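Given the coordinates of chain A, assemble chain B onto it according to the supplied hints.
There are 2 protein chains.
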Amino acid sequence: MPGIARWRDNLPAELCRNRELEIMLHLRILCRAKNRSTAVLVKPVGSSSLCVLKNKYLLHKRGYNSSRENFSKDEHKKYIGCIGVVSILGFYYYYTSNKRRAFAREHEIESHSGQRSSPGEFDSRYKSYTLSEVAKHDNKNVGIWVTYKQGVYDITDFIEKHPGGAGKIIMAAGGSIEPFWMIFSNHNKRDIYDLLESMRIGNISKEEASTAVEGMEDPYANDPQRHKILIINNPKPFNAETPAPLLIESFHTPSDLFYVRNHLPVPDVDPQTYELEIAIEEDTKKVLRLDDIKKYPKHTVSSTIMCAGNRRSEMAKVKAVKGLSWSVGAVGNATWSGAKLCDILNDLNVKEEDYEHIQFEGLDLDPSSTPYGSSIPISKAIDPKGDVILAYEMNGKPLPRDHGFPIRVVVPGVVGARNVKWLGRIIISKHESQSQWQQGDYKGFSPSTDWDTVDFSKSPAIQELPVISAICTPQSGDQVVVQNGKIKVAGYAWSGGGQKIVRVDVTIDGGDTWHTAEFFGQDLSKPGRHWSWTLWQVEIPVKEGDKNVEIWAKAVDSMYNVQPESFKNIWNLRGVLNNAYHRVKIDLK
Amino acid sequence: MPGIARWRDNLPAELCRNRELEIMLHLRILCRAKNRSTAVLVKPVGSSSLCVLKNKYLLHKRGYNSSRENFSKDEHKKYIGCIGVVSILGFYYYYTSNKRRAFAREHEIESHSGQRSSPGEFDSRYKSYTLSEVAKHDNKNVGIWVTYKQGVYDITDFIEKHPGGAGKIIMAAGGSIEPFWMIFSNHNKRDIYDLLESMRIGNISKEEASTAVEGMEDPYANDPQRHKILIINNPKPFNAETPAPLLIESFHTPSDLFYVRNHLPVPDVDPQTYELEIAIEEDTKKVLRLDDIKKYPKHTVSSTIMCAGNRRSEMAKVKAVKGLSWSVGAVGNATWSGAKLCDILNDLNVKEEDYEHIQFEGLDLDPSSTPYGSSIPISKAIDPKGDVILAYEMNGKPLPRDHGFPIRVVVPGVVGARNVKWLGRIIISKHESQSQWQQGDYKGFSPSTDWDTVDFSKSPAIQELPVISAICTPQSGDQVVVQNGKIKVAGYAWSGGGQKIVRVDVTIDGGDTWHTAEFFGQDLSKPGRHWSWTLWQVEIPVKEGDKNVEIWAKAVDSMYNVQPESFKNIWNLRGVLNNAYHRVKIDLK
Numbered sequence: 005m006p007g008i009a010r011w012r013d014n015l016p017a018e019l020c021r022n023r024e025l026e027i028m029l030h031l032r033i034l035c036r037a038k039n040r041s042t043a044v045l046v047k048p049v050g051s052s053s054l055c056v057l058k059n060k061y062l063l064h065k066r067g068y069n070s071s072r073e074n075f076s077k078d079e080h081k082k083y084i085g086c087i088g089v090v091s092i093l094g095f096y097y098y099y100t101s102n103k104r105r106a107f108a109r110e111h112e113i114e115s116h117s118g119q120r121s122s123p124g125e126f127d128s129r130y131k132s133y134t135l136s137e138v139a140k141h142d143n144k145n146v147g148i149w150v151t152y153k154q155g156v157y158d159i160t161d162f163i164e165k166h167p168g169g170a171g172k173i174i175m176a177a178g179g180s181i182e183p184f185w186m187i188f189s190n191h192n193k194r195d196i197y198d199l200l201e202s203m204r205i206g207n208i209s210k211e212e213a214s215t216a217v218e219g220m221e222d223p224y225a226n227d228p229q230r231h232k233i234l235i236i237n238n239p240k241p242f243n244a245e246t247p248a249p250l251l252i253e254s255f256h257t258p259s260d261l262f263y264v265r266n267h268l269p270v271p272d273v274d275p276q277t278y279e280l281e282i283a284i285e286e287d288t289k290k291v292l293r294l295d296d297i298k299k300y301p302k303h304t305v306s307s308t309i310m311c312a313g314n315r316r317s318e319m320a321k322v323k324a325v326k327g328l329s330w331s332v333g334a335v336g337n338a339t340w341s342g343a344k345l346c347d348i349l350n351d352l353n354v355k356e357e358d359y360e361h362i363q364f365e366g367l368d369l370d371p372s373s374t375p376y377g378s379s380i381p382i383s384k385a386i387d388p389k390g391d392v393i394l395a396y397e398m399n400g401k402p403l404p405r406d407h408g409f410p411i412r413v414v415v416p417g418v419v420g421a422r423n424v425k426w427l428g429r430i431i432i433s434k435h436e437s438q439s440q441w442q443q444g445d446y447k448g449f450s451p452s453t454d455w456d457t458v459d460f461s462k463s464p465a466i467q468e469l470p471v472i473s474a475i476c477t478p479q480s481g482d483q484v485v486v487q488n489g490k491i492k493v494a495g496y497a498w499s500g501g502g503q504k505i506v507r508v509d510v511t512i513d514g515g516d517t518w519h520t521a522e523f524f525g526q527d528l529s530k531p532g533r534h535w536s537w538t539l540w541q542v543e544i545p546v547k548e549g550d551k552n553v554e555i556w557a558k559a560v561d562s563m564y565n566v567q568p569e570s571f572k573n574i575w576n577l578r579g580v581l582n583n584a585y586h587r588v589k590i591d592l593k
Numbered sequence: 005m006p007g008i009a010r011w012r013d014n015l016p017a018e019l020c021r022n023r024e025l026e027i028m029l030h031l032r033i034l035c036r037a038k039n040r041s042t043a044v045l046v047k048p049v050g051s052s053s054l055c056v057l058k059n060k061y062l063l064h065k066r067g068y069n070s071s072r073e074n075f076s077k078d079e080h081k082k083y084i085g086c087i088g089v090v091s092i093l094g095f096y097y098y099y100t101s102n103k104r105r106a107f108a109r110e111h112e113i114e115s116h117s118g119q120r121s122s123p124g125e126f127d128s129r130y131k132s133y134t135l136s137e138v139a140k141h142d143n144k145n146v147g148i149w150v151t152y153k154q155g156v157y158d159i160t161d162f163i164e165k166h167p168g169g170a171g172k173i174i175m176a177a178g179g180s181i182e183p184f185w186m187i188f189s190n191h192n193k194r195d196i197y198d199l200l201e202s203m204r205i206g207n208i209s210k211e212e213a214s215t216a217v218e219g220m221e222d223p224y225a226n227d228p229q230r231h232k233i234l235i236i237n238n239p240k241p242f243n244a245e246t247p248a249p250l251l252i253e254s255f256h257t258p259s260d261l262f263y264v265r266n267h268l269p270v271p272d273v274d275p276q277t278y279e280l281e282i283a284i285e286e287d288t289k290k291v292l293r294l295d296d297i298k299k300y301p302k303h304t305v306s307s308t309i310m311c312a313g314n315r316r317s318e319m320a321k322v323k324a325v326k327g328l329s330w331s332v333g334a335v336g337n338a339t340w341s342g343a344k345l346c347d348i349l350n351d352l353n354v355k356e357e358d359y360e361h362i363q364f365e366g367l368d369l370d371p372s373s374t375p376y377g378s379s380i381p382i383s384k385a386i387d388p389k390g391d392v393i394l395a396y397e398m399n400g401k402p403l404p405r406d407h408g409f410p411i412r413v414v415v416p417g418v419v420g421a422r423n424v425k426w427l428g429r430i431i432i433s434k435h436e437s438q439s440q441w442q443q444g445d446y447k448g449f450s451p452s453t454d455w456d457t458v459d460f461s462k463s464p465a466i467q468e469l470p471v472i473s474a475i476c477t478p479q480s481g482d483q484v485v486v487q488n489g490k491i492k493v494a495g496y497a498w499s500g501g502g503q504k505i506v507r508v509d510v511t512i513d514g515g516d517t518w519h520t521a522e523f524f525g526q527d528l529s530k531p532g533r534h535w536s537w538t539l540w541q542v543e544i545p546v547k548e549g550d551k552n553v554e555i556w557a558k559a560v561d562s563m564y565n566v567q568p569e570s571f572k573n574i575w576n577l578r579g580v581l582n583n584a585y586h587r588v589k590i591d592l593k
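Chains A and B, in that order, give the protein sequences.
Numbering follows this note's numbering, with no gaps: position 307 of the first sequence is 311.
Numbering follows this note's numbering, with no gaps: position 23 of the second sequence is 27.
Careful, some of the hints might be misleading.
A pair counts as met if it fits within one copy or between any two copies, since identical chains are not told apart.
What the hints assert, rightly or not - Once the Cα atoms are required to be at most 27 Å apart in a straight line, the calculated DSSO-like pairs of lysine-lysine come out as: (1) K530 to K355; (2) K547 to K323; (3) K232 to K302; (4) K298 to K193; (5) K321 to K572; (6) K547 to K572; (7) K572 to K589; (8) K232 to K530; (9) K572 to K323; (10) K389 to K530; (11) K153 to K193; (12) K355 to K389; (13) K302 to K355; (14) K326 to K193; (15) K323 to K492; (16) K530 to K462; (17) K298 to K389; (18) K434 to K547; (19) K210 to K131; (20) K462 to K492; (21) K140 to K210; (22) K144 to K462; (23) K389 to K434.
It should be emphasised that the hints constitute simulated quantities derived from the structure, not laboratory data.
Small disclaimer: the values here were computed from a predicted structure and weren't measured.
Chain A with its partners taken away, still in its complex shape (with noise of 0.2 Å):
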């Protein structure tokens, strides 16, 4: 196991004083795999796959210890090696595919000066450098050094600010960076190659740049297949937003076209095997096999969920952002059946008064074997009238994968983050989620701080989201016939919280006028449990011999909270809560 040894031998010495240790040296791979569903990462290849291994392994733990199950030492062996390489290392087939070089052709866009150049290649300008000098750069004292291809580069001060987080980045300290870019491949992109290239100090061989990735498969190989519809944002980890004017066809968006946002490959569930592990602090309280969910009291709540970035592309206008480029389709409205996460928590006697959070991991692993995860407040959890349930179900039929397969969470009213697919463990806590997802990211700013003034830990955790409301039907730049004297607007509004959209106007004047909307769809629901989307609809008069005009949008909700005008007084580093008045210019036939 030559890429394990080299990967261990690198270890970089800043993670043997901190938490990153343990999942570097496998501890925590060996830890949560006890308890834990077959989460597969990987399509198994040839007869002796880790599939299988995992598997075994499993059952082995567990203490299905027949002869045929039986798992050997070596298979032991085996099976984390196995682990290591994949979940840490990756795959090289994603650099070498078609679909690679097509997705790297899409994001090779020029770059300032106006030529193209290609990340990573030979640079004589630069010094040349073995892997062993460049592993010796590992921690902040001798300086922080990564490869990416024959690229040497310094990223001592960059750690700070990385968007994924100081403690991702850090992992791939005095080694190559593309292990892990195989698995967040949001940075194939050439800006992030811009930012690479500006750190650059020095080459290595082609030879030796040719080890970083020997061996890697695809991760996101075994991902579902997808409704060719769906717009897509970034193929790996799969992001694609469901396209505006199907949005408002139906109250409930059919599940194959619900927007998705994956954060890693998908797992591979194994439902027959498939385990909810429930611990308070540390201590594993409990264990619910499907079955034992679908005990509970079915309830069905229609929620809608919606991406913390949905409508982020607008914000960037104003000046660039880290994240995807989604338009107004990363939302959707379904209706999830499950068990009411209450219950299990009465179940297991627990005291709101005696905890704060309710913690979520998912089934979803990155590269350190860290799973997805958020939390909540406990008060939205264990309140009947917070709704939060452990659904099964999408739209009356089980959960697809990319929804969670076998069992997601469903907060409603709250930002699709904290919705954890996949669901592996629930903690219930005095702490927050420590996850990147809930401490680093998914949170708001002034539109003054900057990646140089950031401070996580100064802003709350997204949870209920702000007023908002987009426009689905016309699109920008759509050629929109008049019709007795007027043109048709459609769109969808949602509030956070359960809050009730109770007003939607429209201007096509700069707010000189503006037009009430007729509702379509709502959730009739009490108050405070307006947990689905609002559709509405408006026909406004045009002026004779207009040839264009600006439609904006904006929404009221219960609370009479509004959208704000524009992005700039809004704007944020993240590109996260982007409801600003929607804009749409059109013209006028």
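Below, chain B alone, put in the same frame as chain A:
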């Protein structure tokens, strides 16, 4: 009793077809007087005063028929007659007092033509009528006329546009509006006089005009003394705000500096005889005396109360609105102690699913003897975490009369209008309060809704208020000394529904640079129960040589809702929900 006779004779025909009839026929006065406290509208004048009569009447009705308290038929008639005269017709005092003249001078500003005119004075351009002729015009079929001093006015087309509601103004049909304007003295304004004169059709004689308010006294004569530092917006009913710089001097506003928003004269309630009636729909289920309420566990909650019209003066700059011209001081924060409403509802075995609303009625009565009233959703009232209390203490001492002595409802996170003072009745119901203040006021509308198009039934009653902030120091027009190149800015921020303030941003360069404020007072309650405001301050560097700057402030709450930028697009005809950025222009020294 010629006054009563005349008033009864002039009863408008329209009223015979609706609920107002009961009011006008005294039935409601009789019914409501049962089981109610000894609220007194006016100070007794002479030995057979209304106060003495009312006390005797109530004791009589409750069966305290001692010889000393015996209530003769004559006295009964006298009492009812007096109630009629007092509560329906008012007194002439106000119009003849020095105070009245001073106030009229203040409001008697120049009309559009640039000439001063005296409303209601004889105008030879118009035909003369007798009071009997006017009295016949009391319904839409023949037209609705009213008199004001010597003026006769046809208000038929105005009825539905009356900001105070059609139900109120119709009470004056066929007679004088003067008695009503004595109670609702906010009508004593130039723009309202102008509006009235625009409907002028005739004159009555000086002699007949003088009978309108014959023998009346000031219904506000028994209002309490107030602290002189309060800024009075309207003296009768008393409406006054705290000077902005004082607001941020302490986290809890001293009671005598707390803004006062009265809709009617302040009742003078005897705590010994005070009774709170609790009804389910029409049936009284329980009557609690003050001591009974104090037997419930005493809860103290720190809560901000804010008027829906706070900062209305800024919205009015966009376009005129109807309402008191509040600056930023129609808000305060105090501790409130009393019984939890949920405890009382639980005692009555009230189940949330059986009802929808909890209605509150005050002991402050309008000219038709209708109490001030409003309602909140039962979900808020019955939730122990909603912290709704029947408060008998404010800042640790018995409630001052202006703030609802002996009992006011405190509904944390909800607009001031629902925090009913001088609480007389609680009604558990399937229906919202039908009061003017719930149905025909305190609602938001589109900026394009005017008094011709408004339909109050189309908007929900304001409950939880949206996020807001205000700069308290410096104030507009201040000369501010620059110290060490900086200016200090401080203010408050708050959001309804228990949302926490998570950030306040301040700019002096039109939003190019935002400075995040520090908090020096904040509610540290659990999520969703941040009822108190946040006090903030920030030091902002100014450019050398700058002579003046405009400071903007905006707050963000824990749902990441933000304030709208400007008033234009949130303008509404009643001038409520004024939560746009606060902008203050100052000079630098």
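Outcome of the hint check:
Within a single copy, K530 and K355 get their C-alpha atoms as close as 25 Å, and across copies as close as 15 Å, so both meet the 27 Å cut-off. In this homomeric assembly, K547 and K323 come within 27 Å of each other (Cα to Cα) only across copies, at 25 Å, whereas the closest approach inside a single copy is 34 Å. Within a single copy, K232 and K302 get their C-alpha atoms no closer than 32 Å, and across copies no closer than 62 Å, so neither meets the 27 Å cut-off. For the identical chains of this complex, K298 and K193 are neighbours neither inside a copy (43 Å) nor across copies (68 Å), given an alpha-carbon limit of 27 Å.
Taking the closest pair of Cα atoms, K321 and K572 come within 27 Å of each other both inside a single copy (9 Å) and across two copies (24 Å). Taking the closest pair of Cα atoms, K547 and K572 come within 27 Å of each other only across two copies (22 Å); inside a single copy the shortest separation is 30 Å, beyond that limit. In this assembly of identical chains, K572 and K589 lie within 27 Å of each other by CA distance both inside one copy and across copies; the values are 19 Å within and 21 Å between. Taking the closest pair of Cα atoms, K232 and K530 never come within 27 Å of each other, the shortest separation being 37 Å inside a single copy and 45 Å across copies.
Taking the closest pair of Cα atoms, K572 and K323 come within 27 Å of each other both inside a single copy (9 Å) and across two copies (26 Å). Taking the shortest Cα distances, K389 and K530 sit within 27 Å of each other both inside one copy (10 Å) and across copies (18 Å). Proximity of K153 and K193 under a CA criterion of 27 Å is satisfied intra-copy only: 15 Å inside one chain copy versus 79 Å between copies. For a Cα distance limit of 27 Å, the shortest separation of K355 from K389 qualifies both inside one copy, at 16 Å, and across copies, at 15 Å.
In this assembly of identical chains, K302 and K355 lie within 27 Å of each other by CA distance both inside one copy and across copies; the values are 22 Å within and 23 Å between. For the identical chains of this complex, K326 and K193 are intra-copy neighbours only, at 11 Å inside a copy versus 56 Å across copies, given an alpha-carbon limit of 27 Å. Taking identical chains as interchangeable, the C-alpha atoms of K323 and K492 are never at most 27 Å apart, the minima being 32 Å within one chain and 29 Å between chains. Proximity of K530 and K462 under a CA criterion of 27 Å is satisfied inter-copy only: 18 Å between copies versus 35 Å inside one chain copy.
In this assembly of identical chains, K298 and K389 lie within 27 Å of each other by CA distance solely inside one copy; the values are 20 Å within and 31 Å between copies. In the homo-oligomer, the alpha carbons of K434 and K547 never lie at most 27 Å apart, since the shortest distance is 60 Å inside one protomer and 47 Å across protomers. In this assembly of identical chains, K210 and K131 lie within 27 Å of each other by CA distance solely inside one copy; the values are 14 Å within and 106 Å between copies. When the C-alpha separation of K462 and K492 is checked against a cutoff of 27 Å, the pair qualifies only between copies, where the shortest distance is 22 Å, while the shortest distance within a copy is 44 Å.
Taking CA atoms no more than 27 Å apart as the test, K140 paired with K210 passes inside one copy only; the shortest distance there is 20 Å, against 104 Å between copies. Taking the shortest Cα distances, K144 and K462 sit within 27 Å of each other inside one copy (24 Å), while across copies they are farther apart (63 Å). In this assembly of identical chains, K389 and K434 lie within 27 Å of each other by CA distance both inside one copy and across copies; the values are 22 Å within and 20 Å between.
The structure fails to meet hints 3, 4, 8, 15 and 18 from the earlier list, while all remaining hints are met.
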